[in-house]
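Those protein sequences? They're chains A and B, same order as listed.
Letter 265 of the first sequence, counting from 1, is numbered 265 in UniProt numbering, and no numbers are missing.
Letter 97 of the second sequence, counting from 1, is numbered 97 in UniProt numbering, and no numbers are missing.
I should point out that these hints are in silico values taken from the structure, not numbers from a laboratory.
It is possible that part of the hints are untrue.
To be verified - Here are the computed lysine-lysine pairs in the BS3-like style, where the Cα-Cα straight-line distance is at most 30 Å:
(1) A:115 x B:48
(2) B:48 x B:115
(3) A:115 x B:115
(4) A:115 x B:52
(5) A:298 x A:268
(6) B:52 x B:281
(7) B:47 x A:115
(8) B:281 x B:47
What the hints assert, rightly or not - Non-contacting residues of chain B with respect to chain A, defined by C-beta distances greater than 12 Å in every case (computed):
(9) 123
(10) 225
(11) 227
Positions of the beta carbon are idealized from the N, C-alpha and C atoms, including for glycine.
Each chain is listed here by its residues.
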Amino acid sequence: MADLSAVRADSLVKNFGDFRAVDGIDLHVRQGEIFGVLGPNGAGKTTMLRMLATLLPIDGGHAEIFGVDVRREPHRIRQLVGVTGQYASVDEDLTARENLWLFARLQGLTSARAKTIADDLLQRFDLQEAADRPLSQFSGGMRRRLDLASSLITRPPLIFLDEPTTGLDPRTRGQMWDTIRELATDGSTILLTTQYLDEADQLADRVAVIDRGRKVAEDTPDALKTQVGDSTLQLSLADGVDVAMAANVVRLLLGEDPVLTPESGRMKIPLPDADRAADVLIGLREAGLGISSVSVAKPTLDEVFLALTGHGAAKSQMEAAR
Amino acid sequence: MTTRTMTPATLNPQRVDSSTVVARTTPRSSLQETWVQILAMAWRALKKMRRKPEQFFDVLIQPLLFTAMFAFIFGGAISGSVSNYLPVLIPGILAQTALTVCMATGVQLREDMDKGVFDRFKSLPIARIAPLAGPMIADLIRYGIASVLTLVTGLLIGYRPGGGVLGCVGGVALTVIAGWSLAWIFAWLGTMARSAQSVQGISMMIMFPLTFLSNAFVPAETLPGWLEAFVKVNPVSHVVSAVRDLFNDGAVTAEVGWAVIGCVIVVLIFAPLAVRSYSRKM
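Starting from the given sequences, assemble the full structure and let the hints guide the process.
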């Protein structure tokens, strides 16, 4: 096939009444890559994914998956895409094994083959011990793993993951990341949504940033982060210290102005890398300028947002909720 | 947890190849695939029945309670004695019980649709009728249990059907068919309504007029003319008359034919409606 795109969407639109949840998004996911869609709650990430997965009708625009028209041939699309939702879509009244067997049977596998696949997946996702227990005894992480396993029965070439680690503890989160990387190594293309910059950073080859139903940026995680600096040094100067002098010291050291916050004596300094924080602190001490508190922070989604849109993620979340 | 740190190569000997998968896709499920899917969904419904036996409560209690209650309360007034009333009543109770089970079908379908697993069903390449038809097939068991229980209760309090064993088997079979067919109406309601409660409410409003404004409990001739006219076109009346003919005389009369034709018409209209409204929700 000449066209190597897994997903190609042009000006996708979705309206819920008067509210335009997705407002003309273009998306181009190449085969074999992990593509991240980053944005706050209510930005339209899930809606977009559900449209591409044929779970919601597309109101406007055009979408193709491996060259198959999503609107015209939904049944084909469903054979190409494995969907793992934000809320585990597994049957609470069945056991893990029964869930997998049912989904395999529904997709045309023989009963014996369905059993084998269920066993394989249970083992792969470390669920053998819990395989015959009711799902009500499952932890959030186990449910997610079962949900992901359910999406992989027919080994679909494209996998949608809607906020795969939201609400998981850090260890389970790391395991989920490993699993996602393994899937990509197997040759599957992965489209995932996330609220976390570090998740996109860890996993994605490319990232689209979505805000209020629009795409505001698309780039590699590294390129996105350099727009806001690798990390930020936050300083509170001691009482009576001249802010202008301190700003001058920073400018001389880093060649860039610090961002002064409205509270007196506080400043944020974008750093090319975290090591430079020490230079700034030493510089200030040599100039005899006292500090009352100091912290170094990685850029948050909110800061990326601020840099890209001029308003914070929390604000657009509030607007989406209205 | 540490057992999951295997190398990808051992997990999957072959890499996923998109172009072969795309070439293998089909535009829709074949009839045979659809049948397998329906059976898989029926299996799911049966599992759920076994895990939650409390949902059989209405199926078990209603036949016992209503048969005995109606027989002893109305028997003397309507037919002169309980034993004279039973041949009239038992088919009527059967129809009423079947309709109650129908209602449960609609309510449970709605409850099911609100669950997370329905997102999964939607995203799978399955025929859209499978999630509806599967539970309906499993429900045949409930109609069977309810019908047999009603009949047994009747026999215990003195009902002696003139149609013999064959007539009884025919009557029960007809009730099961009728209940299953009418259930498509409630399944359609289930896909339309906003919540399980509203399905329950709407179903009640349909069920009560349908059962009581029929010949299920009283002879139609005793009613005022306008009501008698409605009772005579009410499909429940035809089913009740047909079951009476089978139970009491062992006769396959024209009423039986009309009842079966009525059932077929109901399925032909409401099954496509239900599937369409369900796919739209999907």
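Here is how each hint holds up against the structure:
Under the criterion of a C-alpha separation no larger than 30 Å, the hint pairing residue 115 of chain A with residue 48 of chain B is consistent with the structure, at around 20 Å. For the hint pairing residue 48 of chain B with residue 115 of chain B, the CA-to-CA distance comes to about 14 Å; that is within 30 Å, so the pair holds. This hinted pair checks out: residue 115 of chain A and residue 115 of chain B have alpha carbons roughly 25 Å apart, not beyond 30 Å. Annotation: proposed proximity of residue 115 of chain A to residue 52 of chain B holds, straight-line Cα distance about 24 Å (limit 30 Å).
Proximity of residue 298 of chain A to residue 268 of chain A is assessed by CA-CA distance (about 12 Å); at most 30 Å being required, the pair is judged to hold. Taken as a hint, the residue 52 of chain B and residue 281 of chain B pair is honoured in the structure, with Cα atoms around 27 Å apart against an allowance of 30 Å. Note on residue 47 of chain B and residue 115 of chain A: the hinted pairing holds, with a Cα-Cα distance of about 17 Å set against a maximum of 30 Å. The hinted pair formed by residue 281 of chain B and residue 47 of chain B meets the criterion: a straight-line CA distance of about 25 Å does not exceed 30 Å.
The claim that residue 123 of chain B is not at the interface with chain A is violated, since a C-beta of that chain comes within 12 Å of its own (minimum 4 Å). For residue 225 of chain B, the condition that its CB be more than 12 Å from all CB atoms of chain A holds, with the nearest at approximately 50 Å. The beta carbon of residue 227 of chain B sits about 44 Å from the closest Cβ of chain A, which is more than 12 Å, so the claim that it is off the interface holds.
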